[in-house]
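**Student:** Take a look at the letters that make up each chain.
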Amino acid sequence: MQPDLAGFRGQLEKIVGAEHVGVGPTATVKFSVDGVVPGLVVRPGTQDEVSKALAACADANAAVVPWGGGTVMGLGNRPRRADVAMTLDRLDRIVEFDAANLCVTVEAGVKLAALEATLAEKKEILPLDPPADAKVTAGGLVAANLSGPFRLLYGTARDWVLGMRVALPDGERVHCGGKVIKNVSGYDMNKLFIGSLGTLGIITEVTFKLLPLPATRAGVVGLFPDLAQATGVVRKTLESVLLPEALELLDPEAVTLLAPRLGLEAPAGAYGLAVALAGSRDTVERQVRDFSSLFRDAGGRVTPLPDGRTVLAWDAIRNVFGFLPVPPSARVLCKIAVPISRTGELFAAACALGRRHGLHAAVTAHAGSGIVWACYLLGPKAPPEEVLADALEGLRREAEHAEGSLVVQDAPGSLKARVDAWGKARDGFDVMKRLKAEFDPRGVCNPGRFLGGL
Amino acid sequence: MIPKPLVDELRQVVGKANVLDSAVNLQLYQYDAYLEERRPDAVVFVHSTDEVAGVVRVCNKYDVPFVPRGGGTNLSGGTIPFKGGVVIEMIRMNRILEVDRPNLRARVQPGLFNLELGTALAPLGYQYLPDPASQKAATLGGNVAENSGGPHCFKYGVTTNHVLGLTVVLPDGGVAKIGGKALDTPGYDLPGVFVGSEGTLGICTEVVVRIVRLPEGVKTMLAIYDSIEEGSETVSAIVAAGMVPATLEMMDQLVIKAVEESIHCGLPLDCATVLIIEVDGLKDDLDAQVQAIVDLCKAHGAREVRVAKDEAERALLWAGRRGAFGAVARITPSYLVCDGTVPRTALPKVLRKVSEVSKKYNLMIPNVFHAGDGNLHPLILFDWRDADQKARVMKAGMEILKLCVEMGGTISGEHGVGLEKIDAMRLVFSEADIRSQVRVKQAFDPKNLANPGKMFPLPEEVRRAA
Numbered sequence: 001m002q003p004d005l006a007g008f009r010g011q012l013e014k015i016v017g018a019e020h021v022g023v024g025p026t027a028t029v030k031f032s033v034d035g036v037v038p039g040l041v042v043r044p045g046t047q048d049e050v051s052k053a054l055a056a057c058a059d060a061n062a063a064v065v066p067w068g069g070g071t072v073m074g075l076g077n078r079p080r081r082a083d084v085a086m087t088l089d090r091l092d093r094i095v096e097f098d099a100a101n102l103c104v105t106v107e108a109g110v111k112l113a114a115l116e117a118t119l120a121e122k123k124e125i126l127p128l129d130p131p132a133d134a135k136v137t138a139g140g141l142v143a144a145n146l147s148g149p150f151r152l153l154y155g156t157a158r159d160w161v162l163g164m165r166v167a168l169p170d171g172e173r174v175h176c177g178g179k180v181i182k183n184v185s186g187y188d189m190n191k192l193f194i195g196s197l198g199t200l201g202i203i204t205e206v207t208f209k210l211l212p213l214p215a216t217r218a219g220v221v222g223l224f225p226d227l228a229q230a231t232g233v234v235r236k237t238l239e240s241v242l243l244p245e246a247l248e249l250l251d252p253e254a255v256t257l258l259a260p261r262l263g264l265e266a267p268a269g270a271y272g273l274a275v276a277l278a279g280s281r282d283t284v285e286r287q288v289r290d291f292s293s294l295f296r297d298a299g300g301r302v303t304p305l306p307d308g309r310t311v312l313a314w315d316a317i318r319n320v321f322g323f324l325p326v327p328p329s330a331r332v333l334c335k336i337a338v339p340i341s342r343t344g345e346l347f348a349a350a351c352a353l354g355r356r357h358g359l360h361a362a363v364t365a366h367a368g369s370g371i372v373w374a375c376y377l378l379g380p381k382a383p384p385e386e387v388l389a390d391a392l393e394g395l396r397r398e399a400e401h402a403e404g405s406l407v408v409q410d411a412p413g414s415l416k417a418r419v420d421a422w423g424k425a426r427d428g429f430d431v432m433k434r435l436k437a438e439f440d441p442r443g444v445c446n447p448g449r450f451l452g453g454l
Numbered sequence: 001m002i003p004k005p006l007v008d009e010l011r012q013v014v015g016k017a018n019v020l021d022s023a024v025n026l027q028l029y030q031y032d033a034y035l036e037e038r039r040p041d042a043v044v045f046v047h048s049t050d051e052v053a054g055v056v057r058v059c060n061k062y063d064v065p066f067v068p069r070g071g072g073t074n075l076s077g078g079t080i081p082f083k084g085g086v087v088i089e090m091i092r093m094n095r096i097l098e099v100d101r102p103n104l105r106a107r108v109q110p111g112l113f114n115l116e117l118g119t120a121l122a123p124l125g126y127q128y129l130p131d132p133a134s135q136k137a138a139t140l141g142g143n144v145a146e147n148s149g150g151p152h153c154f155k156y157g158v159t160t161n162h163v164l165g166l167t168v169v170l171p172d173g174g175v176a177k178i179g180g181k182a183l184d185t186p187g188y189d190l191p192g193v194f195v196g197s198e199g200t201l202g203i204c205t206e207v208v209v210r211i212v213r214l215p216e217g218v219k220t221m222l223a224i225y226d227s228i229e230e231g232s233e234t235v236s237a238i239v240a241a242g243m244v245p246a247t248l249e250m251m252d253q254l255v256i257k258a259v260e261e262s263i264h265c266g267l268p269l270d271c272a273t274v275l276i277i278e279v280d281g282l283k284d285d286l287d288a289q290v291q292a293i294v295d296l297c298k299a300h301g302a303r304e305v306r307v308a309k310d311e312a313e314r315a316l317l318w319a320g321r322r323g324a325f326g327a328v329a330r331i332t333p334s335y336l337v338c339d340g341t342v343p344r345t346a347l348p349k350v351l352r353k354v355s356e357v358s359k360k361y362n363l364m365i366p367n368v369f370h371a372g373d374g375n376l377h378p379l380i381l382f383d384w385r386d387a388d389q390k391a392r393v394m395k396a397g398m399e400i401l402k403l404c405v406e407m408g409g410t411i412s413g414e415h416g417v418g419l420e421k422i423d424a425m426r427l428v429f430s431e432a433d434i435r436s437q438v439r440v441k442q443a444f445d446p447k448n449l450a451n452p453g454k455m456f457p458l459p460e461e462v463r464r465a466a
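Protein chains in written order, with our numbering: chain A, 1 to 454; chain B, 1 to 466.
Just so you know, these hints were derived from the structure itself, not from any lab.
Just so it is clear, the structure is predicted and the values come from calculations on it, not from any experiment.
Glycine included, every Cβ here is placed at the ideal spot set by N, Cα and C.
One thing to keep in mind: the hints can contain errors.
Claimed, not checked - Covered stretches of chain B, going by a simulated chain A footprint (3 or more residues, C-beta under 8 Å):
# : stretch
1 : 233-245
2 : 373-382
3 : 411-418
All chains, full assembly: derive it from the sequences and hints.
**Tutor:** Dropping the structure here:
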């Protein structure tokens with residue numbers, strides 16, 4: 001049943017103020033998801049307004065798509081419905097920064113880069129490093145469970161979220177967790193909402209655990225003629241006592257894109273392995289030495305990242321696909337997750353897919369975590385969609401055969417119609433459906449985008 | 001009482017010898033390390049996922065509750081069959097199924113003792129990080145159910161940070177593999193929700209954990225203080241200096257005395273408190289870290305700081321800490337372990353308040369705790385034969401939890417809610433918060449058969465009507 005948007009627009013205006021409700025194409029088109037254009041855009045200014053607006057939408061049976069920084073709106077399947085886009089950019093307050101206890105509480109719309117700047121004043125960090133931190137919001141980071149190369153040492157949102165506040169579609173506002181680092185009071189509700197892509201409610205506030213800023217940071221890049229040489233170093237690293245922050249594997253295209261930004265002189269066709277190191281000067285210098293020898297012993301060329309440029313270099317590495325000359329709508333971006341030792345194999349398979357179909361592609365991997373990212377550009381020479389869909393399903397089968405998964409993060413809507421973004425639902429899906437029914441019985445929270453159409 | 005045919009059907013699933021239902025046997029399963037007791041109607045020993053699923057299906061058929069049990073070390077009454085029914089004893093599912101070094105994972109059965117996994121991994125150069133003090137007798141399945149912590153959480157996190165996959169028997173008897181060796185499984189984070197659910201969402205029958213290399217070096221220190229404030233202030237000072245030690249543990253004078261009398265690990269009997277501090281990682285800067293910490297301890301009033309010279313000295317310090325709960329039992333026949341958590345900087349204040357509670361109720365309350373995590377374990381000593389004392393103990397315990405919450409903390413850091421802290425849940429959660437948790441329970445266990453009567457207070461309105 002189509003909701004009567006005109007009817008409850010007035011209601012939303014009462015909650016957030018008329019100036020914060022947008023209608024008509026100029027306001028709404030930029031909030032479309034996979035071509036589905038919402039009827040209204042609402043910009044609540046407080047957590048309470050989020051809750052009331054969400055409840056009003058639920059009462060009117062209007063489907064709500066929450067928006068943070070909009071950096072991963074391609075993630076998931078095409079929405080079943082999108083009546084209201086709820087943007088959280090006005091929830092941009094840092095609620096409490098308790099530096100002495102290494103924790104910070106922020107509203108969902110706080111930009112990660114802004115948060116990082118605040119933390120830096122007290123020499124603290126939140127070591128989650130998704131691409132596009134200038135745009136990514138705290139709520140989006142958590143709702144979409146975003147991560148980057150540094151997850152090797154630091155983990156992901158599930159390791160750093162201590163608490164959160166969530167608005168549920170029935171108007172209830174709930175608090176999960178707290179601000180202490182050990183907490184088993186009741187269920188670990190944070191875990192339910194992390195990565196749930198706004199399908200159970202809208203995260204309005206997050207409390208993160210923090211770390212002291214490492215005293216020293218450095219980086220080294222190895223360039224190798226063969227992929228096997230680079231993956232051999234990864235294997236040796238994981239067998240060693242070394243503790244790199246990141247081990248990022250780069251295909252020749254990624255190396256080419258990054259070379260000018262990292263000061264690399266890369267021979268054509270070279271694979272790269274970039275290593276990030278942090279800690280005291282002694283441990284960092286020792287690891288730079290150890291990795292340099294590992295690289296050389298494997299037949300690689302060693303380039304230390306220039307002193308003082310490490311942060312910028314890693315910013316480039318985690319945003320490498322952004323240097324490709326196309327907008328997200330003209331590419332297919334996939335994330336493959338497999339057991340760590342299968343990373344090289346899936347990395348090679350992702351590269352081969354591009355070559356086989358003459359696609360301009362870049363492939364990288366968080367090689368110590370089993371995560372491969374493959375980005376394929378859809379130019380005029382790209383194969384027909386049914387061929388591409390078959391190829392992606394083939395790659396997915398390889399990932400699943402290795403006890404892993406493949407998720408399509410960006411793809412044109414027409415391709416998404418052929419390839420499910422998440423793959424087939426597996427064990428535990430019945431429980432997931434019941435969780436969805438308990439929290440969002442009317443199915444108004446981001447319907448259709450998540451696993452199995454949740 | 002449970003129906004006779006149910007017991008017969010249980011015997012068909014697991015074999016006659018694996019079902020206990022005589023009064024004397026049942027009595028052995030009516031308690032854990034908490035103070036309440038409740039007798040089960042049957043105890044079943046299981047040996048495989050299929051058997052667990054079979055037993056749960058039988059319970060489901062007769063609408064009889066079931067409670068999984070591992071080592072029985074739970075401190076909040078988590079394994080007590082509050083509504084009777086069947087206790088499912090997991091202890092015989094105790095094998096390490098796989099140590100997968102290339103993938104940095106191990107696959108284990110839930111009845112394995114935490115320490116046994118550590119002992120198996122160490123010769124290979126690996127470790128599983130969560131190591132609760134009860135690791136000799138606590139099982140990994142129990143660790144999963146309680147989201148156990150231990151003395152290394154400040155740097156390395158708790159059980160949930162190291163459990164990546166589970167095979168679970170759901171309360172309807174269905175079996176699901178959730179998560180796995182790979183990260184980022186699509187869908188809701190069911191392993192994340194399951195860890196810490198205290199047996200109320202089902203039973204895990206296989207666990208995939210992260211293993212990591214043993215650190216290249218470890219240094220352990222003992223800092224000795226004449227005032228407990230100075231000790232707890234040192235903890236914040238170390239963190240403020242940008243250091244992340246693996247361990248920051250504290251014991252007060254009463255605990256030190258009990259430990260020394262039972263374990264003889266060389267602790268000074270005349271001090272107010274000791275801090276056990278451990279740093280680990282690459283060996284290059286460990287000496288510098290130790291020096292920096294020694295200097296900080298001394299600047300904050302430590303009268304002496306000892307650095308363990310070798311593995312034997314280190315082991316002795318740890319034997320003292322890990323044996324603390326046991327040693328305290330020398331003082332009185334019983335104690336209630338509180339498990340409140342506060343932001344680290346509130347430690348000096350909360351310790352002062354705990355000593356006020358001790359005076360107010362005329363009860364001895366020694367303290368042993370994970371200072372780096374702000375996780376207190378005041379041990380309220382009493383004699384269980386004295387009803388008046390027991391009543392005072394419960395009041396004092398609740399008052400300590402209230403203090404923790406007032407200071408921005410919570411009611412349980414690692415021991416769970418169980419039976420003990422059902423009423424305390426309202427100190428930290430609103431009715432809406434609790435309802436949201438009950439929704440999760442409802443989604444997993446609509447018939448409320450998995451460990452019923454735990455964790456959640458009745459809704460306020462129901463309670464008023466009753």
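**Student:** Does each hint fit the structure? Answer for all of them.
**Tutor:** Do the hints match the structure? See the list:
no.: 1; hint: 233-245; in the structure: holds (count 6)
no.: 2; hint: 373-382; in the structure: holds (count 3)
no.: 3; hint: 411-418; in the structure: holds (count 7)
Hint check: no violations occur; every hint is consistent with the structure.
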